[in-house]
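All chains, please: the whole structure from these sequences, using the hints.
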Amino acid sequence: MTIFGPRRLPITALAVGILVLASASACGSGESGTDSSAAAPLKIGTVNFPTSLDPTVSSSGYDYPHLNLVYDRLLVGDPKTGELGPGLATSWKVADDGSKITLELRDGVTFSDGTTMDAAAVKASMDRFKASANGQDIASVSAITAEGANTVVLALSKPDSSIPTALSDRAGMIVSPTAVEKEGKDFAARPVGAGKYTLESLQTGAAVNYKRNDAYWGDKGKAPTLNWQVFKDPQAMVTAFQSNVVDVAISVPPLSVEKLKTVPGKEVVVGPAYSETMINFNAKLAPTDKVEIRQAINYALDREVIRKAASGEAAEVTWTALPPTHPYHDASITPTYAYDEAKAKSLVAQATGGKRVAMKCLTFPGLNYETSGPIIIDSLKKIGIDVTIQSETAAAATEAFWAKDQAPCFLSGWTGHADPAITYGRLLNPDSFYNAGKTDFGTAQLQDKLLTTFDFAPRKAAATDLAKKVVEVAPFAPLFTVPMIVGLSDQVAGYEPNASGRPDMSTVARK
Amino acid sequence: MTTSMDPSTTVTPPRFRPGSAARRPRPAGGSRAVAFWLGGAVVLLVLLAGLLAPWLAPYDPLAIDPSNPYAGPSGAHWLGTDANGRDVLSRLMHGSASSFRGIAITVGVAGIFGSLWGLVAGYVGGPVDEVLMRLADAVISFPGIVLAIAITGALGPSLLTAMLSVGVVFAPIVARLLRAQVLALRQAEFVLVARSLGVRGWRIALRHVLPNAMGPVVVQLCGLASTALIIEAALGFLGLGVQPPAPSWGPDLARAYADFYVNPLLTVAPGLLITATAFAISQFGDGLRDRLRIG
Numbered sequence: 000m001t002i003f004g005p006r007r008l009p010i011t012a013l014a015v016g017i018l019v020l021a022s023a024s025a026c027g028s029g030e031s032g033t034d035s036s037a038a039a040p041l042k043i044g045t046v047n048f049p050t051s052l053d054p055t056v057s058s059s060g061y062d063y064p065h066l067n068l069v070y071d072r073l074l075v076g077d078p079k080t081g082e083l084g085p086g087l088a089t090s091w092k093v094a095d096d097g098s099k100i101t102l103e104l105r106d107g108v109t110f111s112d113g114t115t116m117d118a119a120a121v122k123a124s125m126d127r128f129k130a131s132a133n134g135q136d137i138a139s140v141s142a143i144t145a146e147g148a149n150t151v152v153l154a155l156s157k158p159d160s161s162i163p164t165a166l167s168d169r170a171g172m173i174v175s176p177t178a179v180e181k182e183g184k185d186f187a188a189r190p191v192g193a194g195k196y197t198l199e200s201l202q203t204g205a206a207v208n209y210k211r212n213d214a215y216w217g218d219k220g221k222a223p224t225l226n227w228q229v230f231k232d233p234q235a236m237v238t239a240f241q242s243n244v245v246d247v248a249i250s251v252p253p254l255s256v257e258k259l260k261t262v263p264g265k266e267v268v269v270g271p272a273y274s275e276t277m278i279n280f281n282a283k284l285a286p287t288d289k290v291e292i293r294q295a296i297n298y299a300l301d302r303e304v305i306r307k308a309a310s311g312e313a314a315e316v317t318w319t320a321l322p323p324t325h326p327y328h329d330a331s332i333t334p335t336y337a338y339d340e341a342k343a344k345s346l347v348a349q350a351t352g353g354k355r356v357a358m359k360c361l362t363f364p365g366l367n368y369e370t371s372g373p374i375i376i377d378s379l380k381k382i383g384i385d386v387t388i389q390s391e392t393a394a395a396a397t398e399a400f401w402a403k404d405q406a407p408c409f410l411s412g413w414t415g416h417a418d419p420a421i422t423y424g425r426l427l428n429p430d431s432f433y434n435a436g437k438t439d440f441g442t443a444q445l446q447d448k449l450l451t452t453f454d455f456a457p458r459k460a461a462a463t464d465l466a467k468k469v470v471e472v473a474p475f476a477p478l479f480t481v482p483m484i485v486g487l488s489d490q491v492a493g494y495e496p497n498a499s500g501r502p503d504m505s506t507v508a509r510k
Numbered sequence: 000m001t002t003s004m005d006p007s008t009t010v011t012p013p014r015f016r017p018g019s020a021a022r023r024p025r026p027a028g029g030s031r032a033v034a035f036w037l038g039g040a041v042v043l044l045v046l047l048a049g050l051l052a053p054w055l056a057p058y059d060p061l062a063i064d065p066s067n068p069y070a071g072p073s074g075a076h077w078l079g080t081d082a083n084g085r086d087v088l089s090r091l092m093h094g095s096a097s098s099f100r101g102i103a104i105t106v107g108v109a110g111i112f113g114s115l116w117g118l119v120a121g122y123v124g125g126p127v128d129e130v131l132m133r134l135a136d137a138v139i140s141f142p143g144i145v146l147a148i149a150i151t152g153a154l155g156p157s158l159l160t161a162m163l164s165v166g167v168v169f170a171p172i173v174a175r176l177l178r179a180q181v182l183a184l185r186q187a188e189f190v191l192v193a194r195s196l197g198v199r200g201w202r203i204a205l206r207h208v209l210p211n212a213m214g215p216v217v218v219q220l221c222g223l224a225s226t227a228l229i230i231e232a233a234l235g236f237l238g239l240g241v242q243p244p245a246p247s248w249g250p251d252l253a254r255a256y257a258d259f260y261v262n263p264l265l266t267v268a269p270g271l272l273i274t275a276t277a278f279a280i281s282q283f284g285d286g287l288r289d290r291l292r293i294g
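In order, the protein sequence lines correspond to chains A and B. Residues in the first sequence are numbered from 0 upward in steps of one, following numbering that gives the first Met the number 0. Residues in the second sequence are numbered from 0 upward in steps of one, following numbering that gives the first Met the number 0.
The hints are simulated quantities; they were obtained by calculation from the structure and are not laboratory data. For every residue, glycine included, the Cβ atom is placed at its ideal position computed from N, Cα and C.
Within a straight-line C-alpha distance of at most 20 Å, the following computed DMTMM-like cross-link-like pairs (lysine to aspartate or glutamate) qualify:
{"id": "1", "chain 1": "A", "residue 1": "Lys359", "chain 2": "A", "residue 2": "Asp385"}
{"id": "2", "chain 1": "A", "residue 1": "Lys307", "chain 2": "B", "residue 2": "Asp64"}
{"id": "3", "chain 1": "A", "residue 1": "Lys380", "chain 2": "B", "residue 2": "Asp64"}
{"id": "4", "chain 1": "A", "residue 1": "Lys380", "chain 2": "B", "residue 2": "Asp59"}
If you only want the chain A side, here are some residues facing chain B, beta carbon under 10 Å, derived:
{"id": "5", "residue": "Gln234"}
{"id": "6", "residue": "Lys307"}
{"id": "7", "residue": "Gly372"}
{"id": "8", "residue": "Thr387"}
{"id": "9", "residue": "Ala395"}
Following this line, the structure appears as structure tokens:
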């Protein structure tokens, strides 16, 4: 049987015609049928479904745009500069000897379940966080005490200048203790915070919908509802954005920027981010157990070529774990490993006695290695390292590299933190999940100095000293930044890129 | 007086010979004959391109040229270059070998395993047939590609494991077909004669029944080859087959798809080649069926 036989041609043509007309009318309704008022839901496209809406469980930097909607934080970083300001805490004071931090809480704030946000709730929330896998962010907090209704004191086991920043991160996201008790293990599916939005519905892997919290104490969310649609791949998201299925597209692929800029009615905003692409090494496994090999890889990569191939003009080359837009980035120490193939070759020869070495690198889709991978393979082949790249699912690759020591190399990325001590702590501490070989790189003293310095200028100097040492031991090879690229329909307004690269959708609504 | 005979040499059953004088088919109609020959030619061309790629391909499929990404078709690069400046034609030629390797694994497993399965079920019959066919029903209920995704997800991406698992799922299709043929042939005169002369059962099955039952199976295997090609490309597209940067049509199409907004033309060549080759294999299979007067 054939549907295109001569006898069936008129029927086929009719069917095709109907389908075309139906499609056209459907597309048309997407444009004209949408309520253009600010009361309309804001439709947001993304490729990252949140790992969890519970801050104690969340493990991806791409979760923040969701977490920040549901939870208010104790302190909030300025969108432009990252400088800390009041949030649920109206003020914070670090004791002169660095032994404690006293927080004064905002009065009259309630969680979205109607219960009161007070010192007891903050203590319960922070105790819960400290006991979780993410609790290492506030490892130096030895005790949390509620003093009266609105004062919380954090006792520190040692001075730690990263704690205030941690309070503007997951550790400072205050959850409703009543809801935690009520929901138990299901808290992530029915989270309750004091944020501008509440979770309305969640379809695993596909959609997350939020409703505005009209009882919010401050400036309320602009859109009444936020409907996040999760796409399987970035191209599908961009296509949906182009055809008005979504109003906003988060994390647009860098190479699509130029093309999207030519589409009428669409705007593309390339904003800074703390995120960068980097190759992580396991310093316990051969051949990256030898520092010469790790340094050689750093020298062998022409980062300009890799950046351009992977991200076009949207990204910048990075030389340390802190990208150029980070307040603690020090340009005076860059370039750390300027491209030098001859030097790389001699380092490999020194480490291997002139023999070629083989190395398996893990990765997973969506990390921008599809294009840069072949360049990395080619560059390392020239210096005597034969690389094979194995692409796994994100969960499998993460587990295999960070937890199971199954490969010496991971073509990965780092979503970054506002505080350099958190970034370096997570990447270098021998007990950190993100130190694959659990190796002591001999940086503890410099990390301590960074942690115990509070004023910005000397702290930045301490961060630079630490960065120099990290360059020397080369636990990773930074490559290029991952800017936060957001596509916006001309029917929406209110989006402002921020320093952290975590898009805040609470300020965006349809015009 | 009794005479002794060597049973294995006295029975000469009609061997299956496509186009033999006794069963010469009518020639297929004009357009179908063209489709058969054209399909066969395309399959042969693509296969040869893959086998001879190391000598015929103009460039090393892995050689990158970061200074020349997304180049359009030209005298130097007939099908242009990809995001890394690699020659698209060279990659497609080398990728052909990987696709046919996938087909060979799947069709090989389905053909050998399925034939033995169907032969035993059909020839032995009885409870053995019942058990084997219910098992076939169970295996056939698995969608091949879903099983392949599950297995590669569990064991890690690999063309061999993926296509082996697809072959196992395809085997009952062959088994069912062969069983039906064997059931018909089991009562054929030459089988009865062989049996009456004392030829052993396994010998009758393997030497006399199996060769005569294989015609439809060969045609069926052509259809499965076409499906196997699509599955191999699909697994590669999903990152579960051949791993980049090794050349393969599926991963190259996935890469081109990711670059769709930079150079949409890159999707055309691998997409067209996968479609054309799958179509050519199926046309060749249809033609073969006509020529063998099956179905």
